[in-house]
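Numbering (my numbering), first residue to last: 1 to 192.
No lab work stands behind these hints: they were computed from the structure. It cannot be assumed that every hint is accurate.
[Said to hold, decoys possible] Distance windows between CB atoms, simulated:
id: 1; residue 1: I77; residue 2: P100; range: 14 to 24 angstroms
id: 2; residue 1: G114; residue 2: A152; range: 43 to 53 angstroms
id: 3; residue 1: F139; residue 2: G46; range: 49 to 59 angstroms
id: 4; residue 1: I95; residue 2: R115; range: 40 to 50 angstroms
id: 5; residue 1: I96; residue 2: Y138; range: 45 to 55 angstroms
id: 6; residue 1: P100; residue 2: G32; range: 41 to 51 angstroms
id: 7; residue 1: Y120; residue 2: P20; range: 45 to 55 angstroms
id: 8; residue 1: G25; residue 2: Q55; range: 47 to 57 angstroms
id: 9; residue 1: T150; residue 2: T64; range: 41 to 51 angstroms
id: 10; residue 1: F60; residue 2: P141; range: 43 to 53 angstroms
id: 11; residue 1: G114; residue 2: Q55; range: 47 to 57 angstroms
id: 12; residue 1: Y120; residue 2: P44; range: 18 to 28 angstroms
id: 13; residue 1: P100; residue 2: Y120; range: 20 to 30 angstroms
Here a beta-carbon is modelled for each residue, glycine too, at the ideal position from N, C-alpha and C.
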Amino acid sequence: MTFSPTTSTLDDKTYCAVHPTVETGLKCNKCGRYMCVKCAVKTPVGYRCKQCVNQQQQGFYTATQADGVIAVIVSFIIGLPIGYILPRLGLFIIIIGAIPIGGFIGEIVHRAVGRRRGQYTWLFAVIGVVLATAVAFYFSPAFQAFLMATQANVRGRGEDIPTDFIVTALIEPILYVVLCAGALIARLRLGK
Numbered sequence: 001m002t003f004s005p006t007t008s009t010l011d012d013k014t015y016c017a018v019h020p021t022v023e024t025g026l027k028c029n030k031c032g033r034y035m036c037v038k039c040a041v042k043t044p045v046g047y048r049c050k051q052c053v054n055q056q057q058q059g060f061y062t063a064t065q066a067d068g069v070i071a072v073i074v075s076f077i078i079g080l081p082i083g084y085i086l087p088r089l090g091l092f093i094i095i096i097g098a099i100p101i102g103g104f105i106g107e108i109v110h111r112a113v114g115r116r117r118g119q120y121t122w123l124f125a126v127i128g129v130v131l132a133t134a135v136a137f138y139f140s141p142a143f144q145a146f147l148m149a150t151q152a153n154v155r156g157r158g159e160d161i162p163t164d165f166i167v168t169a170l171i172e173p174i175l176y177v178v179l180c181a182g183a184l185i186a187r188l189r190l191g192k
């Protein structure tokens, strides 16, 4: 068995396709393009360039443009009564109930968009829940009392504005939104 010597010259340098000043010897195992360490993405089948990985991932997303609007509307409609009732039941009920409710809203949104996956469907659904909770909070007795006290103070009656009351009243809706949105994101991004 004989080995033939290979000669390598300094002119055989290869450079990254995206960063032309970076010398590399690593190739994408799909397209064969040279890539540097910054451009390489480790996959179960080897290293691939970011363009090939993005191209592969786009095949998983089948959502249409209307799915974002559907996600906002459905999550708003479901989230409005829940966002009005649940924050008034107490902190313990919010902690126990917000996560399953977020998963429930995520499942309903997923079915409403025809079980299509979208890269940002979760974001549209969260926007719907946040808007629903904000509208529900606007019509809550705590916020209405704050508005009446503010109007009375502006008219010169000299009543104190209950800012500590409104801050305390904000804790429960904010906690509900955070927990519900977390479960909703987990369902729509990591779910089935």
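Against the structure, the hints:
For I77 and P100, the Cβ-Cβ distance of about 18 angstroms falls inside the hinted range of 14 to 24 angstroms, so the restraint holds. Roughly 51 angstroms separates the CB atoms of G114 and A152, a value that falls within the hinted 43 to 53 angstroms. A hinted range of 49 to 59 angstroms for the beta carbons of F139 and G46 is consistent with their spacing of about 56 angstroms. Hint check: I95 to R115, Cβ distance near 30 angstroms, so the stated range 40 to 50 angstroms is violated.
With their beta carbons about 25 angstroms apart, I96 and Y138 fall outside the hinted range of 45 to 55 angstroms. A hinted range of 41 to 51 angstroms holds for the C-beta pair P100 and G32, which are about 49 angstroms apart. With their beta carbons about 33 angstroms apart, Y120 and P20 fall outside the hinted range of 45 to 55 angstroms. The hint said 47 to 57 angstroms for the Cβ distance between G25 and Q55, and at roughly 23 angstroms that hint is violated.
At about 44 angstroms, the CB distance of T150 to T64 agrees with the hint of 41 to 51 angstroms. Between F60 and P141 the CB atoms are about 46 angstroms apart, so this pair conforms to the stated range of 43 to 53 angstroms. With their beta carbons about 24 angstroms apart, G114 and Q55 fall outside the hinted range of 47 to 57 angstroms. Checked against the hint of 18 to 28 angstroms, the pair Y120 and P44 passes, with Cβ atoms roughly 26 angstroms apart.
Here the CB-CB span from P100 to Y120 is close to 24 angstroms, well matched to the stated 20 to 30 angstroms.
Hints 4, 5, 7, 8, 11 from the earlier list are contradicted by this structure; the remaining hints agree with it.
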